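*Asks:* Construct the entire structure; sequences and hints are all you get.
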Amino acid sequence: MNHEAITRVRKLSQQYAYTSIQMHENIARKAGLSGTDQKYLGFFLVKGAMTAGELGEVTGLTSGAVTGLIDRFEKKELVRREFAKEDRRKVMVVPDTDKIMKLLAPLYADYRSRSEEMIRSFTEQDLEIIETFLQRSIELMTQTTNQFKDK
Numbered sequence: 001m002n003h004e005a006i007t008r009v010r011k012l013s014q015q016y017a018y019t020s021i022q023m024h025e026n027i028a029r030k031a032g033l034s035g036t037d038q039k040y041l042g043f044f045l046v047k048g049a050m051t052a053g054e055l056g057e058v059t060g061l062t063s064g065a066v067t068g069l070i071d072r073f074e075k076k077e078l079v080r081r082e083f084a085k086e087d088r089r090k091v092m093v094v095p096d097t098d099k100i101m102k103l104l105a106p107l108y109a110d111y112r113s114r115s116e117e118m119i120r121s122f123t124e125q126d127l128e129i130i131e132t133f134l135q136r137s138i139e140l141m142t143q144t145t146n147q148f149k150d151k
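Heads up: the sequence shown begins at 1 in the numbering used here, then just goes up one per residue.
Hints are not guaranteed to be accurate.
Said to hold, decoys possible - The calculated lysine-lysine pairs, modelled on BS3-like cross-linking and capped at a C-alpha distance of 27 Å, are: (1) 99 <-> 85; (2) 90 <-> 149; (3) 47 <-> 11; (4) 102 <-> 75; (5) 47 <-> 90; (6) 47 <-> 76; (7) 39 <-> 149; (8) 30 <-> 75.
Hints are computed from structural coordinates only; laboratory data are not their basis.
Since the structure is predicted, the reported quantities are computational estimates derived from the model, not experimental observations.
*Replies:* Shown next, in the form of structure tokens:
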């Protein structure tokens, strides 16, 4: 593969990341959140209830930053703290998934619809290539992230 093609794809990937940040930040503001807070809500949608320590592990935030994040979400009634049933010393942060979705889904509806339409325009072979690229990119980003984690 030639150097020019690699440079083009790398630059497009960077532009995709920058544009994604801009879009999510603007959507988050409409929802009354910061861009990062809005993305951190996504961890709750994927993982469900978790402890503050688990949230810190998936986000990479310090314990103080996690406490602030949970406090902000709790103030907006998007999560609540509950004692774990199996161990009352453990506090779980439980998302109100319905409320989160009610807040965010309308703001993403048009984008989701249009992106699904775009995806349908690709052939199966195209989609396999896109999936492979995205999976390998995720693996590479995870490896890079893990290099910088405190051990």
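*Asks:* In ascending order, which of the hints set out earlier in this document are inconsistent with the structure?
*Replies:* Violated hint: only 3; rest satisfied.
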